[in-house]
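Asks: Spelled out from the first residue to the last, the chains are:
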Amino acid sequence: MNKTLLIIQREYLSRVKNKRFLLTTLLMPILIVVLIAGITFLSIKGKDEHKIAVIDNNGFFKENLKNANEVLFEFPEGVDTSNYLKKGYTDIILIPKFDGTEKTNYLIRSKKRISIITESIIAEKINAAIEDKMLQNAGIDKLQLDSIHNQSQFAELKAVEENESGGNTKESNAALSYGIGFGSGMLIYITMFIYGAMVMRGVTEEKTNRIAEVMVSSVKPFQLMSGKIIGIGAVGLTQFLMWIILIIGLSAVAQAFIPHDVMEQVKNLQQANGQLPGGSAMKAGDAAQQIYKVQHTISTANWPLIIGLFIFYFLGGYLFYAALFAAVGSVVSDDPQDAQSLMLPITMPIVFSFIIMTNAVQDPSTPMAVWASIIPFSSPMVMMARIAYGIPGTVPYWQLAASMLSLVGGLVFTTWLSGKIYRTGILMYGKKVNWKEMGKWLMRKN
Amino acid sequence: MSTILALQNLKKYYATQKAVDDISFSINQGSIFGLLGPNGAGKTTLLRMITGIFYPDSGHIQFDGKTFDPSNDIVKIGYMPEERGLYKKMKIGEQALYLAQLKGLSRSDAMAKIKFWFHRLEMESWWNKKVEDLSKGMSQKLQFVITVLHEPKLIILDEPFSGLDPLNASLIKDEIYGLAQRGSTIIFSTHRMEQVEEICDHIVLMNLGQKVLDGTVADIKQQFKENKFGIRLSEVPANLNSPFFDIADQKANVLTVRIKDGYRSNDVLQYFLQQNLNIESFNEILPSLNEIFINLVEGTKATTRAFQPVND
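One line per chain: the protein sequences are X and V, in this order.
Numbering-wise (my numbering), the first sequence opens with residue 675 and increments by one.
Numbering-wise (my numbering), the second sequence opens with residue 1425 and increments by one.
Derived by calculation from the structure, the hints in this document are not laboratory data.
Backbone N, C-alpha and C fix where the C-beta goes; we use that ideal spot for every residue, glycine too.
You may find that some hints are simply not true.
Claimed, not checked - Okay, the calculated bits of chain V under chain X, using three or more residues with CB under 8 Å as the criterion:
1) 1507 to 1521
2) 1525 to 1538
Said to hold, decoys possible - Sample of chain X residues facing chain V (criterion: CB under 10 Å; computed from the structure):
3) Asn676
4) Leu680
5) Ile681
6) Lys881
7) Arg884
8) Ala886
9) Val888
10) Val893
11) Pro895
12) Asp935
13) Val936
14) Met937
15) Glu938
16) Thr974
17) Tyr1103
18) Lys1114
Claimed, not checked - Computed Cβ-Cβ distance ranges for the label pairs, DEER-style:
19) Asn976/X with Glu1507/V: 52 to 60 Å
20) Lys1560/V with Ile704/X: 52 to 60 Å
21) Glu1507/V with Asn1108/X: 19 to 27 Å
22) Ile868/X with Lys1512/V: 21 to 29 Å
23) Lys1560/V with Ile919/X: 41 to 49 Å
24) Asn1108/X with Glu1715/V: 40 to 48 Å
25) Ala871/X with Gln1647/V: 42 to 50 Å
The shape of chain X in the complex, shown without the other chains (with noise of 0.2 Å):
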């Protein structure tokens, strides 16, 4: 035992100690920032906004259309379908005479092609525009129609689960679960090759180093195994530590950006559950309500709970396939190209758990995505992608305790069956190794 801790410490203080550790720890984060933000800047910088020029015969429309986010009507005079483009316009709608019995069609042009959201979002307002003159026409007016409009704006729609001893119900938030789920399911993805192959690479390099057998004559084979792997995922385990720390951190120094009396209003938010009595909700900013919002459907998460299992699924999927990864590492010799043939058994079933979380986290009630998250080959994954929605509620206990137990017998039936591959393959040079080869290896006794 002396031994294998001996073994980890150095496994582990070779990985910590390395500039590259602390780099890529911090750098990760940044990257994956830089990356969100990147792609949210591009998705709205790059909507291709619509300057409409209506040429309209019923003269309603100048009242009644309204503009949307990319999508802007106007009524220019001395505009027409030959000068359009020279006078700023992008697309032209002409709309004839309409009376409201019979369908019509309106005609846009325009030199660039609509995309289908812009086109159904053109169709949707001018429906709209139609409509509201069809309600006026029948006696409402316009004020009503716009106040009527804008209150229901205020309709959200909030989602409750059944606490399972009665009584109480819990709020809850699909779009939070979504992103807990895919997040954690997407680390766990990632984490797993990253730090399966450290594992395999670390053990392909001291058997092509020779390392291996000056080792084995003063450590079994087997704690020279699991003292990499379990050093490697204490590798793992501080640079989640990091990232933790890291975004808390952040986020405090984020906080320190708000000025002060803004956050004086979300204290009041939250101590008065959202609704100021009164008058007092109009002092409340538009800045303070975001913020609040944001805190408060964060606080709907149990976090406590996803973390720890977190840590649970990614230690156990990880002992999974590591212990599987240094099999293959221990049987590769010089050729790369052995590796990634004898790799792909293992990556084949990482890859589909992603693809089943992927449809799990969207709907994780489904007997895939239940049965995906018990076997250990899928479970860490599909898993965390299921428990972001609750439990008791979406996963009940006896399928969390199912899973659990089967990622443990799975993870120490992989060690047992790894550590017969290793003994054998850490020793042996020169020689192409299959699975015919080792299967045999495995019957072998001792």
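Put chain V on the given structure of chain X with help from the hints.
Replies: Structure of chain V alone, referenced to chain X:
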């Protein structure tokens, strides 16, 4: 002298061949023992069983008076495999410290011993270097130090001199003698027969997984001598014909004769004296281990035995 290691009927069979097939011998404490054999004879498999890396299929290993127990006895053994290996990116000092601790030394103990050996072999300035910066001979020296650092009772060296220049080779050779004098037993595996003749007290020759020879170097040479003598005469007569011997070879005025069965060297001398020939020198020619080795191994399919490297 007490026995440090005794092997009884050791066997290790693989699917395709018998790597070690019923081997027994014993080694005295403090001796330098040579384990010889062509490639694929089963030496490495045998050594791996002695170092606890492999378990024998059957047979018994007695180590230091007790049945060999790999998990405890492993710290009393130092093994330098033929294919050297060290962590390339690790600093030399840290590496030695790590490997010594894995052999059961405490950190401070290991530190003191490393300092002693690094000083002794003039390696002190290497402490913060990485293995990848060392020359082949230098890393060989480091590997030797790491093998003997924990003062093992049994030291197993597989081709310890390959890659060393003559100066460093003799340095290591002296250390090997020193270790043996201080009570360590050394098993020395090699193909280089001239080194074996020089260093080893006792040898075992393996071929095709079996023991072919076992004894001291002097005994074995006696056993395989062909009654050959070298005689230098001041003048060699044109036709020599004697009932006592055949002439095996003649180079200028040096004759190599093989004495026929039933006669002694004195008979040969007498013959030359009677011929009134001037004898300048007369000496027995013993076969070199190399010749014995080749004689025994040749024609035994040793080279055609298809060996997987792991069984080597």
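Asks: Against the range 52 to 60 Å, how does the distance between the Cβ atoms of Asn976/X and Glu1507/V compare: consistent or not?
Replies: The hint (52 to 60 Å, Cβ to Cβ) holds, given that Asn976/X and Glu1507/V are roughly 54 Å apart.
Asks: Quick check: does the Cβ-Cβ distance between Asn1108/X and Glu1715/V fall within 40 to 48 Å?
Replies: 43 Å, holds
Asks: Quick check on the hint: Lys1114/X CB to chain V CB, less than 10 Å?
Replies: 7 Å, holds
Asks: So the hint says 21 to 29 Å: do the beta-carbon atoms of Ile868/X and Lys1512/V match that?
Replies: At roughly 22 Å between Cβ atoms, Lys1512/V and Ile868/X fall inside 21 to 29 Å, so the hint holds.
Asks: Has the segment 1507 to 1521 of chain V got at least three residues whose CB is nearer than 8 Å to a CB belonging to chain X?
Replies: Three-residue rule met by the segment 1507 to 1521 of chain V, so holds; n is 8.
Asks: Checking hints one by one. Is Asn676/X an interface residue toward chain V, by the C-beta closer than 10 Å rule?
Replies: 9 Å, holds
Asks: How about Leu680/X: closest beta carbon in chain V under 10 Å, or not?
Replies: 6 Å, holds
Asks: Interface hint check: Val893/X, Cβ to nearest Cβ on chain V, cutoff 10 Å. Holds or violated?
Replies: Interface hint status for Val893/X: holds (6 Å vs cutoff 10 Å).
Asks: Does the Cβ distance between Lys1560/V and Ile919/X fall inside 41 to 49 Å?
Replies: 46 Å, holds
Asks: Could one say that the CB atoms of Glu1507/V and Asn1108/X fall in the range 19 to 27 Å?
Replies: 24 Å, holds
Asks: Would you settle whether the hint for Glu938/X is holds or violated, based on the nearest Cβ-Cβ distance to chain V being less than 10 Å?
Replies: Constraint on Glu938/X not satisfied, violated at 55 Å.
Asks: With a cut-off of 10 Å, does the beta carbon of Ile681/X approach a beta carbon of chain V closely enough for the hint to hold?
Replies: 8 Å, holds
In summary, the numbered hints that this structure violates are 12, 13, 14, 15, 16, 20 and 25.
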